[in-house]
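Colleague: Below are the chains, spelled out letter by letter.
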Amino acid sequence: MKLHELAHGRTGDKGDTSNISIIAYRAEDFDRLLAEISAERVAAYLNQPTSAVSRYVLPQLCAMNFVLKGALKGGVTRSLALDAHGKCLSSVLLEMSLTSDSA
Amino acid sequence: MKPFRIGCGAGFQGDRIEPAADLANRGALDVLVFECLAERTIALAQKARLDDPDAGYDPLLERRLRATLPGCARHGTKIITNMGAANPGAAAKKARAIVADLGLSLKVAMVTGDDVSDQIADFILDETKQPASALGQRMVSANAYIGISGIVAALEQGADIVICGRASDPALFLAPLVHHFGWAMDDYQKLGRGTLIGHLLECSAQITGGYFADPGVKDVPDLANIGFPLAEVTADGNAVVTKLANTGGIVTPATCTEQLLYEIHDPARYLQPDVVADFSKVTFEAVGKDRVAVRGATGQPPTGQLKVSVAYRDGWQGEGQISYMGSNARARADLARFILDQRLTASDIDERLGHLIGSEEDMRLRYTARCTSAATARSIGEEVESLYLCGPAAGGGVSKSVREIIAIASTLMPSHRVQLRADILGVNHEAA
Numbered sequence: 001m002k003l004h005e006l007a008h009g010r011t012g013d014k015g016d017t018s019n020i021s022i023i024a025y026r027a028e029d030f031d032r033l034l035a036e037i038s039a040e041r042v043a044a045y046l047n048q049p050t051s052a053v054s055r056y057v058l059p060q061l062c063a064m065n066f067v068l069k070g071a072l073k074g075g076v077t078r079s080l081a082l083d084a085h086g087k088c089l090s091s092v093l094l095e096m097s098l099t100s101d102s103a
Numbered sequence: 001m002k003p004f005r006i007g008c009g010a011g012f013q014g015d016r017i018e019p020a021a022d023l024a025n026r027g028a029l030d031v032l033v034f035e036c037l038a039e040r041t042i043a044l045a046q047k048a049r050l051d052d053p054d055a056g057y058d059p060l061l062e063r064r065l066r067a068t069l070p071g072c073a074r075h076g077t078k079i080i081t082n083m084g085a086a087n088p089g090a091a092a093k094k095a096r097a098i099v100a101d102l103g104l105s106l107k108v109a110m111v112t113g114d115d116v117s118d119q120i121a122d123f124i125l126d127e128t129k130q131p132a133s134a135l136g137q138r139m140v141s142a143n144a145y146i147g148i149s150g151i152v153a154a155l156e157q158g159a160d161i162v163i164c165g166r167a168s169d170p171a172l173f174l175a176p177l178v179h180h181f182g183w184a185m186d187d188y189q190k191l192g193r194g195t196l197i198g199h200l201l202e203c204s205a206q207i208t209g210g211y212f213a214d215p216g217v218k219d220v221p222d223l224a225n226i227g228f229p230l231a232e233v234t235a236d237g238n239a240v241v242t243k244l245a246n247t248g249g250i251v252t253p254a255t256c257t258e259q260l261l262y263e264i265h266d267p268a269r270y271l272q273p274d275v276v277a278d279f280s281k282v283t284f285e286a287v288g289k290d291r292v293a294v295r296g297a298t299g300q301p302p303t304g305q306l307k308v309s310v311a312y313r314d315g316w317q318g319e320g321q322i323s324y325m326g327s328n329a330r331a332r333a334d335l336a337r338f339i340l341d342q343r344l345t346a347s348d349i350d351e352r353l354g355h356l357i358g359s360e361e362d363m364r365l366r367y368t369a370r371c372t373s374a375a376t377a378r379s380i381g382e383e384v385e386s387l388y389l390c391g392p393a394a395g396g397g398v399s400k401s402v403r404e405i406i407a408i409a410s411t412l413m414p415s416h417r418v419q420l421r422a423d424i425l426g427v428n429h430e431a432a
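Respectively, the protein sequence lines represent chains A and B.
Going by the working numbering, the residue at position 70 of the first sequence is 70; the numbering climbs one at a time, nothing skipped.
Going by the working numbering, the residue at position 340 of the second sequence is 340; the numbering climbs one at a time, nothing skipped.
In case anyone wonders, no lab produced these hints; they're calculated from the structure.
Quantities reported herein were computed from a predicted structural model and do not represent experimental measurements.
Just so you know, not all the hints are guaranteed correct.
Examples of chain B residues toward chain A, derived with CB under 10 Å [claimed, not checked]: (1) 263; (2) 296; (3) 406; (4) 407.
Cβ atoms here follow ideal geometry from the backbone N, Cα and C, with glycine treated the same way.
Using the sequences plus the hints, can you model the full thing?
Modeller: Now the structure itself:
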């Protein structure tokens, strides 16, 4: 199962820092997402150093916010990428497979 | 006291105008805000001002004001905007001329003081670890993200249209709330709540179903006719976020939650000039069709420092693209990339990227590089174009471009160093 089936999200950028929200559609899935989608796992999936990724949790909204420092190759002003803002990153992350099917 | 109605008519410089006109005509708003400055916008505006002293403000200012002023005047709606960009004085003069041309009687104010380029020299920039003065002639602009005091002062002087440059985006919304409700500047819970309203509205349609649709998963009705948002704010600083009837889009707890976290780092510490807002306990509740109640923000005292964005010239980016289709398209596109790697050998190419976009039978090669000189940046597209005659078989559809890179660095400046002014334009006022 892909994360995309249980959650939605949005990416923002400030300078060279990207942030990605992951929001559960259903409250009953949130604990599972909280357990599976750690900062370490997001860092590995998006090829970022573990130390550069932080996670903030807003349980009343069934939401997590991942902050990725230095993830944008210098940010929108310097990056040569087509999506220099990194706006597509939330959809990239939603392609992540969930490991357990216990829910 | 009836709720205060505040709407957002633009979330970036190029935003759509029709939904703003609709809000002005049908929204019965107290305030309509246009937020039009991204990180680099003001630097590009400053470059324009260097070429023409009367330029340097939002190029869509006239279209936006002509589309919305009649409706705003009818409803007594005040306009607050950062469309002044690098030249609030010239923007205010233009606004006053448009007001007169439309036969209206409205007071126009400008807020200045965000330009701190004359006192930035000794401040160490986070990104370069050097004082701003080390940039020398490469520095284009330095602007502090100002808070609400200048805008509030303009409103206290009776301004109907307030034009500023670099302000914190939420401040454009917080200022009229503080002015209307008389919130104290040390009532950090209220300032936090007003900041939340500003943060939720400042990207226009991003809370009404824009930037949200994912067909079959998150469907948005009538996205083509999406409406812009407004908030009905009560004196306690809580609000209902909604949009006009008979517009496209949706307002739900899901759209609100995505926008709540958009461009946010620690939700408990959203640093603003007048408050450190805390969004960590915010809740959203659907209270009707396209109506969401927003509650639970708070705040702490501000840090006493303002963020300053320093823009500087940082070289040039050149780019070229060419397409290969049909039989063996990938191999021909790969060969083209290999040829460009061989031909583009200038020593001032700092970084390059050549990549293939598309499907196996419809490949587009994009080749781009960051260069120190404009001449080398131009050569990127020129060499891509030369592939027509001197490259693989059947390449087509070349495009090329060159742009100057304006980089942004940031630093902090003590708030007291930034002196703001609010001036109502008089009949004979000569804008600074």
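Colleague: Now tell me if each hint is right for this structure.
Modeller: Here is how each hint holds up against the structure:
The interface hint given for residue 263 of chain B is met, as the beta carbon of that residue sits about 3 Å from the closest beta carbon of chain A, less than 10 Å. A cut of 10 Å between beta carbons decides the hint on residue 296 of chain B: the least distance to chain A is about 8 Å, and the hint holds. A cut of 10 Å between beta carbons decides the hint on residue 406 of chain B: the least distance to chain A is about 6 Å, and the hint holds. Nearest Cβ of chain A to the Cβ of residue 407 of chain B: about 5 Å, under the 10 Å cut. The hint holds.
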